[in-house]
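Chain by chain, the residues:
Protein chains: 2
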Amino acid sequence: MVSTSSQTLVNGRATAQVAALDRGLSYGDGVFRTLRVDGGRPCWWGEHLDKLKEDCRRLGLACPPPAVWEQDLGRLDLPASGVVRLTVTRGEAPRGYAPPPHSQSTRIVTVWPHEHAPLSEEGITARVCHLRLGHQPALAGVKHLNRLENVLARAEWQDADIREGILLDQPGQVVGGVMSNLFLWHGGRLRTPRLDKCGVAGVARARLMAAATRAGYRVEETELTLGDVYAADELFFTNSLILLWRVARLENRSWGTPVVSQALWELLHA
Amino acid sequence: MVSTSSQTLVNGRATAQVAALDRGLSYGDGVFRTLRVDGGRPCWWGEHLDKLKEDCRRLGLACPPPAVWEQDLGRLDLPASGVVRLTVTRGEAPRGYAPPPHSQSTRIVTVWPHEHAPLSEEGITARVCHLRLGHQPALAGVKHLNRLENVLARAEWQDADIREGILLDQPGQVVGGVMSNLFLWHGGRLRTPRLDKCGVAGVARARLMAAATRAGYRVEETELTLGDVYAADELFFTNSLILLWRVARLENRSWGTPVVSQALWELLHA
Numbered sequence: 001m002v003s004t005s006s007q008t009l010v011n012g013r014a015t016a017q018v019a020a021l022d023r024g025l026s027y028g029d030g031v032f033r034t035l036r037v038d039g040g041r042p043c044w045w046g047e048h049l050d051k052l053k054e055d056c057r058r059l060g061l062a063c064p065p066p067a068v069w070e071q072d073l074g075r076l077d078l079p080a081s082g083v084v085r086l087t088v089t090r091g092e093a094p095r096g097y098a099p100p101p102h103s104q105s106t107r108i109v110t111v112w113p114h115e116h117a118p119l120s121e122e123g124i125t126a127r128v129c130h131l132r133l134g135h136q137p138a139l140a141g142v143k144h145l146n147r148l149e150n151v152l153a154r155a156e157w158q159d160a161d162i163r164e165g166i167l168l169d170q171p172g173q174v175v176g177g178v179m180s181n182l183f184l185w186h187g188g189r190l191r192t193p194r195l196d197k198c199g200v201a202g203v204a205r206a207r208l209m210a211a212a213t214r215a216g217y218r219v220e221e222t223e224l225t226l227g228d229v230y231a232a233d234e235l236f237f238t239n240s241l242i243l244l245w246r247v248a249r250l251e252n253r254s255w256g257t258p259v260v261s262q263a264l265w266e267l268l269h270a
Numbered sequence: 001m002v003s004t005s006s007q008t009l010v011n012g013r014a015t016a017q018v019a020a021l022d023r024g025l026s027y028g029d030g031v032f033r034t035l036r037v038d039g040g041r042p043c044w045w046g047e048h049l050d051k052l053k054e055d056c057r058r059l060g061l062a063c064p065p066p067a068v069w070e071q072d073l074g075r076l077d078l079p080a081s082g083v084v085r086l087t088v089t090r091g092e093a094p095r096g097y098a099p100p101p102h103s104q105s106t107r108i109v110t111v112w113p114h115e116h117a118p119l120s121e122e123g124i125t126a127r128v129c130h131l132r133l134g135h136q137p138a139l140a141g142v143k144h145l146n147r148l149e150n151v152l153a154r155a156e157w158q159d160a161d162i163r164e165g166i167l168l169d170q171p172g173q174v175v176g177g178v179m180s181n182l183f184l185w186h187g188g189r190l191r192t193p194r195l196d197k198c199g200v201a202g203v204a205r206a207r208l209m210a211a212a213t214r215a216g217y218r219v220e221e222t223e224l225t226l227g228d229v230y231a232a233d234e235l236f237f238t239n240s241l242i243l244l245w246r247v248a249r250l251e252n253r254s255w256g257t258p259v260v261s262q263a264l265w266e267l268l269h270a
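Residue numbers (my numbering), protein chains in the order written: chain G, 1 to 270; chain U, 1 to 270.
It cannot be assumed that every hint is accurate.
If several chains are the same, the list does not tell them apart, and a pair holds so long as it fits within one copy or across any two.
Said to hold, decoys possible - As a list, the in silico SDA-like pairs of lysine to any residue whose alpha-carbon atoms are at most 25 Å apart:
{"#": "1", "residue 1": "K143", "residue 2": "H48"}
{"#": "2", "residue 1": "K53", "residue 2": "E156"}
{"#": "3", "residue 1": "K53", "residue 2": "W157"}
{"#": "4", "residue 1": "K53", "residue 2": "R154"}
{"#": "5", "residue 1": "K53", "residue 2": "A155"}
{"#": "6", "residue 1": "K143", "residue 2": "R95"}
{"#": "7", "residue 1": "K53", "residue 2": "P66"}
{"#": "8", "residue 1": "K143", "residue 2": "G96"}
{"#": "9", "residue 1": "K53", "residue 2": "E70"}
{"#": "10", "residue 1": "K53", "residue 2": "Y97"}
Rather than coming from a laboratory, the hints here were simulated on the basis of the structure.
Predicted model, so just to flag it, every value in this text is computed and none were measured.
So that you can see chain G by itself, here it is in the shape it has in the complex (with noise of 0.2 Å):
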């Protein structure tokens, strides 16, 4: 039986509900993943799970081993196409700032079904966004559950056209997508930002550059400008759910036919 609607799991009990005092709503204190599921499996279920046991370990968070979160994926009804979201927090507690001495993290997994779209061949239309990261170099490229930077960011626009907008950072360096990592081919260099000031450091981000590299593409994490962005010869999105999104506008730039976003796409997609 394929479920319609959403399905979750609180600490493997099936409820849809978790303590108000729990410090992942008091505090945001708390990492997530978000996992794309084809044929009825999570996607690169090795590496959201190594980057979940890193990120708890960012923030001194217990993380539940990989056996616990198998074990709750086998009691829900996965659909054909879909997304699971992985939630770890600190836990219920009381008042303060300060973590518990022996806290109970909470684990939350909820699956929605959800149609993946195929590689867009025309490309998205993508905004710049006005509101620009802070740096916090201590939270820098974790998946926290601080995101109201982003849920501003992402405020900024209702129109359904616009897919996606690029971050930048206070001094004004590119960071990535609202929602995604961004990538910008250019002179034959694959380019993407580097992620130690601010912003998340995605799995899909991660599978493209080792992927990219091991097939023979010149590969870079450096600082880029939004001047770096307009000059690309292609730029591209890319997460764990979208795989990867080609630019084919942005602002008053737009970009003609693609030369290394379908094979890159190809390399996500293997």
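Chain G is fixed; fit chain U onto it per the hints.
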């Protein structure tokens, strides 16, 4: 009857549970207030509701009107001495950073019994935190649910004798305490950091600035360095629960008999 443990209402219902898909948990998409209860009544009620409304406006959140909060409080057993937390989130929603066009806010009220300490004659011990706050003018001053910086800063020490930590921003300017605002008394002036780039502008801070101005003190919101802090004649933290804590020791610096702390505490306690 006075309860000895916490009591919670979610949207007016007596439950300690919220939806696992509430955006307050998914993204920290919400704001909160922490109030002191004295003599069975919440202190500075009007100011706290004004600040809650203003913080909701900053995030584009619908804020429940005062009558709704008052109805909630009327249904709880307020302890003689305690704490109330009010939380507003953007409510339950499907995946995605975009705020839903017709979101229904979630409101949460929790009450705890708590004995408030009297003014500490001897003063407290404080430290300087390693974590430095990132600049985010779009969120500066707002008491939102994205509090991981405070959690990480508070996790830096376990020594129960250290009651509070001082937070600097990335360039090294002083912002405040981990859970409080900071004031210093120097050369006959009461000085507190400007909060236009980061930090939380507390109700106790606003009240103290207004009351001290009325009482004839010179009050300044300004840029402050750690050098200014060490050079101060007196130093204190304020928030709605502690009211005012005088600092007796900060790292290797200590302060002797205070001159204005008692008078300022009385201004706040009035």
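**OP:** At 25 Å max between alpha carbons, let me know whether K53 reaches W157 within a copy, between copies, both or neither.
**Re:** between (34 Å within a copy, 24 Å between copies)
Original post:
For the identical chains here, do K53 and A155 meet the 25 Å Cα criterion within one copy, between copies, both, or neither?
Top reply: between (30 Å within a copy, 19 Å between copies)
Original post:
Is the C-alpha distance from K53 to R154 at most 25 Å within one copy, between copies, in both cases, or in neither?
Top reply: For K53 and R154, the Cα distance is within 25 Å only across copies (22 Å; inside one copy 27 Å).
Subject >> 25 Å Cα threshold - placement of H48 relative to K143 >> reply: within (11 Å within a copy, 32 Å between copies)
**OP:** Tell me, please, which holds for K53 and E70 at an alpha-carbon limit of 25 Å: within, between, both or neither?
**Re:** Only inside one copy: K53 and E70 sit 14 Å apart there, 43 Å across copies, limit 25 Å.
**OP:** Go through the copies and call it for K143 and G96: within, between, both or neither, with a Cα cutoff of 25 Å.
**Re:** The answer is both: 23 Å in one copy and 14 Å across copies each meet 25 Å.
Subject >> Same-copy or cross-copy closeness of K53 to Y97 [CA-CA at most 25 Å] >> reply: both (22 Å within a copy, 23 Å between copies)
Original post:
25 Å Cα cut-off: does K143 pair with R95 within a copy, between copies, both or neither?
Top reply: both (24 Å within a copy, 15 Å between copies)
**OP:** State whether the alpha carbon distance between K53 and E156 is at most 25 Å within one copy, between copies, both, or neither.
**Re:** Between. Shortest inter-copy distance 21 Å satisfies the 25 Å Cα cut-off; intra-copy 32 Å does not.
Subject >> 25 Å Cα threshold - placement of P66 relative to K53 >> reply: Within one copy, since 9 Å is at most 25 Å while 43 Å is not.
Figure legend: structure checked against the earlier numbered hints; every hint is met.
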